[in-house]
Amino acid sequence: RFPDARHMIELGVPVALGTDFNPNCPVEDMQLVLSLACYCMKMTQAEALSAATLNSAHAVGLSGQVGSIEPGKKADLVVLDAPSHEHLGYRLGTNLVRHVVKAGRIVVEDGKLAY
147 RFPDARHMIE LGVPVALGTD FNPNCPVEDM QLVLSLACYC MKMTQAEALS AATLNSAHAV
207 GLSGQVGSIE PGKKADLVVL DAPSHEHLGY RLGTNLVRHV VKAGRIVVED GKLAY
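Residues are numbered in this note's numbering as their position in the sequence shown, beginning at 1, plus a constant of 146.
It cannot be assumed that every hint is accurate.
What follows is a set of in silico ranges between Cβ atoms, one per label pair, in the way DEER data are often shown [to be verified]:
hint : residue 1 : residue 2 : range
1    : 250       : 154       : 33 to 39 Å
2    : 256       : 206       : 19 to 25 Å
3    : 237       : 210       : 17 to 23 Å
4    : 216       : 171       : 18 to 24 Å
5    : 170       : 244       : 19 to 25 Å
6    : 238       : 152       : 27 to 33 Å
7    : 175       : 219       : 21 to 27 Å
8    : 192       : 221       : 18 to 24 Å
9    : 242       : 156       : 38 to 44 Å
10   : 253       : 162       : 20 to 26 Å
11   : 237       : 148       : 18 to 24 Å
12   : 170       : 206       : 17 to 23 Å
13   : 206       : 158       : 27 to 33 Å
Derived by calculation from the structure, the hints in this document are not laboratory data. Don't be surprised by glycine CBs; every beta carbon is placed ideally from N, CA and C.
Starting from the given sequences, assemble the full structure and let the hints guide the process.
Below, the structure is given as structure tokens:
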């Protein structure tokens, strides 16, 4: 059973999403986690994206370093091959990752490792 994220959001509780939710069965697919948040937890795509970035950074005490695109924060970015963020939660099983920038360095380019 999934947590009632919709109720928590309505109460003003910040919801965080991550990929390490179960010690015996970790999931390393953030797109899957976002899809589950939208389908099973009734979150909007925007809520799921905020939960996976801003709220998760805050939950682990790193909101001053990561979680949003701001001057002074680490430049870790994922560029998706999708018209908008609204496709992220509803493209289950499709790898939308086009480019990845880690600490300001391109590590995935055109869907392939760059190093």
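Hint check against the structure, violated hint numbers in rising order: Hints 2, 3, 4, 5, 6, 9, 13 not satisfied by this model.
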